[in-house]
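Asker: Keeping their order, the protein sequence lines are chains A and B. For the first sequence, this note's numbering assigns the number 1 to the initial residue and increments by one for each residue that follows. For the second sequence, this note's numbering assigns the number 1 to the initial residue and increments by one for each residue that follows.
Hints were generated in silico from the structure; no laboratory data involved. Heads up, a few of these hints could be off.
[What the hints assert, rightly or not] What follows is a set of in silico ranges between Cβ atoms, one per label pair, in the way DEER data are often shown:
(1) B:ARG22 to A:GLY54: 38 to 46 angstroms
(2) B:THR70 to A:GLU45: 20 to 28 angstroms
(3) A:GLY94 to B:SER73: 19 to 27 angstroms
(4) A:GLU45 to B:LYS57: 38 to 46 angstroms
(5) A:SER68 to B:THR70: 39 to 47 angstroms
(6) B:GLY16 to A:TYR51: 39 to 47 angstroms
(7) A:ASN27 to B:SER53: 20 to 28 angstroms
(8) B:ASP18 to A:LYS67: 39 to 47 angstroms
(9) B:LEU112 to A:GLU45: 28 to 36 angstroms
(10) B:SER66 to A:GLU57: 41 to 49 angstroms
(11) B:LYS57 to A:ALA29: 17 to 25 angstroms
(12) B:VAL12 to A:SER40: 15 to 23 angstroms
(13) A:ASN22 to B:GLN84: 32 to 40 angstroms
(14) B:ASP18 to A:ARG41: 34 to 42 angstroms
Computed from a predicted model, the values in this text were never measured in an experiment. Even for Gly, the Cβ is constructed at its ideal location relative to N, Cα and C.
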Amino acid sequence: QKEVEQDPGPLSVPEGAIVSLNCTYSNSAFQYFMWYRQYSRKGPELLMYTYSSGNKEDGRFTAQVDKSSKYISLFIRDSQPSDSATYLCAMSAGTNAGKSTFGDGTTLTVKP
Amino acid sequence: GAGVSQSPSNKVTEKGKDVELRCDPISGHTALYWYRQSLGQGLEFLIYFQGNSAPDKSGLPSDRFSAERTGGSVSTLTIQRTQQEDSAVYLCASRTRAETQYFGPGTRLLVL
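Extracted from the complex, chain B is given alone in its bound form (with noise of 0.2 angstroms):
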C-alpha cells in the first residue's frame, strides 16, 4: 500500500516569508509526527499526534511553528516568518502498533 507522502520534495523561499509543509500519513494510522533533521544532525521532535487527543506540541522551537491535523489524517506544519535558521529537512511519520513509526521522504526547506 502507499506510504507517507509529503509535498513539496524541496521549497526555497526568502527570509521573512510563510510556508505550508503537507504530511499525508499511511490510512488508518492513527499517530502523526513532525521531526526537523538539520544537516549531519539527528531528527529533532517538532510535535505529535495522537487520534482526538491534544497535540504534544513540545518540541516547537518558536511560536513560529504550528501545525494542524484536519480529519485525523492530513496534517500541516505551517512556518510563519521564516529566518535561515529554519533550513532542514523537515520528516513526517505515522504510526500503527507499538513504536514502529513509517517516515515520509521529508520536505528540503531552504530559506534564503
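Same shape as in the complex, but just chain A (with noise of 0.2 angstroms):
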C-alpha cells in the first residue's frame, strides 16, 4: 500500500463549480503538506502549504488539513478553465527530512 493515496480523477466540472480534492496517508510522521498544481508538459508548482492540522485559505483555494483521520482536501471554489491541470498532494516529515512524498494526481478539467 502506498504511504500517500489521492483520488484518482479524472475530474471535469463546468466553470463556477466548487471543487474537492482529496488525500488519505499512513505516516503518521507527515507534518508539512502540500498541494501542487502541474500544467501539462510543465514542472509542478506549489500553490498551497500547510503544516500540521488545520485550514489554509489564499484567494479561491482553501487546503485542510485531519492529522486525526490522516485526510488533506483542497477546494477550488468558483473554478475557471485556467485551473484546468493536474493537482498533486504531497507531504513530509519535517524540514530536515528532505523528500516529499507525493500522491499520483487527480486531473482537473474546467469546462466554460
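Got two chains here, each in a separate frame; can you build the complex from them with the hints?
Answerer: What follows is the structure, encoded as C-alpha cells:
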C-alpha cells in the first residue's frame, strides 16, 4: 500500500463549480502538507503549503488538513477553465526529512 | 529571478546508451532533489542533496542511476545502460525555507 493515496479522477466540472480534491496518508510522522498544480508538459508549481492540522485559505483555494483522520483536502471555489491541470498532494515529515512523498495526481478539467 | 532550469528539455536515446541530465537550481538554494514522473503517475523520489551532507540516495531504482552535485550548485543525473522502463520525465527541484520546493520544467527521456 502506498504511503499517500490520492483520489484518481479524472474530474470534469462546469465553470463556477466548487471542486474538492482529496488525499489520505498512512505515515503519522507527516507534518508538512503541500498541494502542487501541474500544467501539461510543465513542472509542478506549489499552490498551497500547510503545517500540521487546520485550514489555510488563499483566494479561491482552501487547504484542509485533518491529522487525526490522516486526510487532506484542497477546495477550489468558483473554478475557472485556467484551473484545468493535474493537482498533486505531497507531504513530508519535517524540514530536515528531505524528500516529499507525492500522490499520483488528480486531473481536473473545468469546462466553460 | 531565474527559476530552476533543466537540460535538455527532451532526450531520445537508444537502449543501452548512457545519458546525462542537468539541473541548475535557484541560486542560494542549498537543497536539491531529483524525481521521476512516469506517464500518469505521481513523482517518485530519486535522490536528495542538502548542503555538504552525504546525499540521500534511497530512491535510486538501481545502480545504473547516479547523481552528483558540484560546488553545491549544478547537479547531473546519470543513467547508464538505459532501459525502456527508464522512459519518463525527470524533474529537479530546489528548496530554500521549510518545504517549499521549486521545480524545473523537467527532461523528457525516451529510450527506444
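Asker: Determine for every hint whether it applies to the structure shown.
Answerer: These are the hints, each one checked on the structure:
Restraint check, ARG22 of chain B to GLY54 of chain A: a C-beta distance of roughly 39 angstroms satisfies the suggested window 38 to 46 angstroms. Restraint check, THR70 of chain B to GLU45 of chain A: a C-beta distance of roughly 27 angstroms satisfies the suggested window 20 to 28 angstroms. In this structure, GLY94 of chain A and SER73 of chain B meet the distance hint of 19 to 27 angstroms, their C-beta atoms being roughly 25 angstroms apart. With their beta carbons about 26 angstroms apart, GLU45 of chain A and LYS57 of chain B fall outside the hinted range of 38 to 46 angstroms.
At about 45 angstroms, the CB distance of SER68 of chain A to THR70 of chain B agrees with the hint of 39 to 47 angstroms. Taking the beta carbon of each, GLY16 of chain B and TYR51 of chain A are about 46 angstroms apart, inside 39 to 47 angstroms as hinted. Range check, ASN27 of chain A to SER53 of chain B: Cβ separation about 22 angstroms, and the 20 to 28 angstroms hint holds. Between ASP18 of chain B and LYS67 of chain A the C-beta distance comes to about 44 angstroms, which sits within the given range of 39 to 47 angstroms.
One distance hint, 28 to 36 angstroms for the beta-carbon pair LEU112 of chain B and GLU45 of chain A, holds here, with the actual separation near 31 angstroms. Between SER66 of chain B and GLU57 of chain A the CB atoms are about 43 angstroms apart, so this pair conforms to the stated range of 41 to 49 angstroms. One distance hint, 17 to 25 angstroms for the beta-carbon pair LYS57 of chain B and ALA29 of chain A, holds here, with the actual separation near 20 angstroms. Separated by about 20 angstroms at the C-beta atoms, VAL12 of chain B and SER40 of chain A satisfy the suggested range of 15 to 23 angstroms.
In this structure, ASN22 of chain A and GLN84 of chain B meet the distance hint of 32 to 40 angstroms, their C-beta atoms being roughly 34 angstroms apart. Look at ASP18 of chain B against ARG41 of chain A: about 25 angstroms separates their beta carbons, and that is not inside 34 to 42 angstroms.
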